[in-house]
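Trainee: Here is how the chains run, residue by residue.
2 protein chains.
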Amino acid sequence: MDNRPVGVFDSGLGGLTAVRQLMEVLPNEDIIYLGDTGRVPYGGRSKDTIVKYAKQDMAFLTSFDIKAIVVACGTVSTVAFGEIEGKYGVPIIGVVAPAVKKAVEATKNRKIGLIGTVASINSKAYEKLILESMPEAEIYSTACPLLVPLVENGRINRGDIMIETAVREYLEPIKAMGVDTLILGCTHYPLLNDVIGHYMGDGVSLVSPGAETAYYVKRLLEERDISAERGHNAKYRYYVTDSVDGFSGAASMFLSKDVSGEVRKVDLSVYED
Amino acid sequence: MDNRPVGVFDSGLGGLTAVRQLMEVLPNEDIIYLGDTGRVPYGGRSKDTIVKYAKQDMAFLTSFDIKAIVVACGTVSTVAFGEIEGKYGVPIIGVVAPAVKKAVEATKNRKIGLIGTVASINSKAYEKLILESMPEAEIYSTACPLLVPLVENGRINRGDIMIETAVREYLEPIKAMGVDTLILGCTHYPLLNDVIGHYMGDGVSLVSPGAETAYYVKRLLEERDISAERGHNAKYRYYVTDSVDGFSGAASMFLSKDVSGEVRKVDLSVYED
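Quick mapping for you: the protein sequence lines, in order, are chains A and B. Residue numbering for the first sequence follows the numbering used here, starting at 1 and increasing by one per position. Residue numbering for the second sequence follows the numbering used here, starting at 1 and increasing by one per position.
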């Protein structure tokens, strides 16, 4: 038993979709969330910059007494995971391995689609891991740079011409290849489940890395016997790098419930990168 | 005569639309450009964060021996200008005053439209200055948070359903009020001159703050007798906070010509905010 909190970070608020799953799957775990809202988005930046920001995010979270860290950011998980893994004395869980496990289980025709940020797609991280466990898989990927700003502006509903157009343009070539599984490789994208699911059709399984990661974390905590006590009253703390004002409103869209917990502002530039 | 460079900064690359005008209007002036590409965009962030970043931008540029600074960022010019003006020992020119002067000259029916980032529109900076010189003006403004990402993804052409939809949604209420002048209050927007001009119609004058600012700078340098010598062979230096790779490609879209000059990466977190 270990009631210390789990740390979770993302470039901004998208990682809260993973937090939501963690809260459901692990209702007794304390969570410390860091959203780098003063520098969001990461997905169009260079590897050097993403690595630098990820190290500052890690340095901040490991300044607390925590038992594990979840990288709830598709961009950091794909671009910078190798630069942070094993270097902070705590287990670090990214979203790639859990999503790949699920996608490989789900696909029947071994044609897997993948969407993500420019940096994530360029990294080829998903391709490498999929091919390790399923060498005959065919992977069709495309970067979708407009989906994050569209989601952040609330353009998430069917019938909205802008999101429908963007989804169709990005996914048309992937759909044409006949994939039966699609990895939503950015933690903003689960908010587009409805639009993307409708466009791709019933025969295509959508894999949300954040959701799969929550089960991965549960297993890891159990294996190491560091789960929180049953009945432990979970506490949530949120840290952001831009103003705390307005956090609750945006956060409730990603969490699909009211944020309860403390929200504070932090300056990451004083943390080592 | 003063051959020292003029400093120009923006949150990212949008300010290069103003640099292009400066190069045309002041072909003998050396320019040092700073684009905070590692933290772009500023327009959705809080005032505190925008002021902090603007002060670091200023501290960096004033570490050179320069004779004036142009704030080629609509968000900083509207949100943080009062916090930096008069505090660095060099003249600082924002885009608001030049744009307001032009808009007030251009309007005949005294109905002026204004578009910009969320932070710019919330600041009411344009409204205040317009009403000082034209108290009977009617100003209709709206924040357009999706225009920057759309421009940055090259969605700038007529016939593109996404940019046409966004422009129509944002501008419909302003057009309905019968404005005869529209201020494009963000340095990304001049790339949308064609789409916006077509939607608003021939009777509406579009005011590009970056273009007006170049004339303002010319007058200021002449009045203070600090223009560069005629025949001085202007040199251009560019600094960015993300990788220099890919700068040239994106920059050429904003400058409408090849970037010639030196591009370097800088870390602004070491500069005082």
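None of these hints come from the bench; they were simulated from the model. Among the clues, some could well be false.
[As the list claims (entries may be wrong)] Residues of chain B placed beyond 10 angstroms of chain A at every Cβ, according to the derived structure:
| id | residue |
| --- | --- |
| 1 | R45 |
| 2 | F64 |
| 3 | K175 |
| 4 | G203 |
| 5 | Y215 |
[What the hints assert, rightly or not] Derived pair list, reagent style DSS-like, types lysine-lysine, alpha-carbon separation capped at 27 angstroms:
| id | chain 1 | residue 1 | chain 2 | residue 2 |
| --- | --- | --- | --- | --- |
| 6 | A | K257 | A | K175 |
| 7 | B | K52 | A | K52 |
| 8 | B | K265 | A | K52 |
| 9 | B | K235 | B | K67 |
| 10 | A | K55 | B | K52 |
| 11 | A | K265 | B | K67 |
We put the beta carbon where it would ideally sit given N, CA and C, even for glycine.
Trainee: Decide, hint by hint, whether the structure agrees.
Mentor: Hints, one by one, checked against the model:
1. R45: 5 angstroms, violated
2. F64: 22 angstroms, holds
3. K175: Its Cβ never comes within 10 angstroms of chain A, the nearest being 19 angstroms, so this holds.
4. G203: About 27 angstroms separates G203(B) from the closest Cβ of chain A, which puts it past 10 angstroms; holds.
5. Y215: Given that every Cβ of chain A is farther than 10 angstroms from that of Y215(B), nearest at about 33 angstroms, it holds.
6. K257(A) x K175(A): 33 angstroms, violated
7. K52(B) x K52(A): The hint holds at about 20 angstroms.
8. K265(B) x K52(A): 14 angstroms, holds
9. K235(B) x K67(B): 15 angstroms, holds
10. K55(A) x K52(B): 22 angstroms, holds
11. K265(A) x K67(B): 36 angstroms, violated
Going through the hint list in order, the structure does not satisfy hints 1, 6 and 11.
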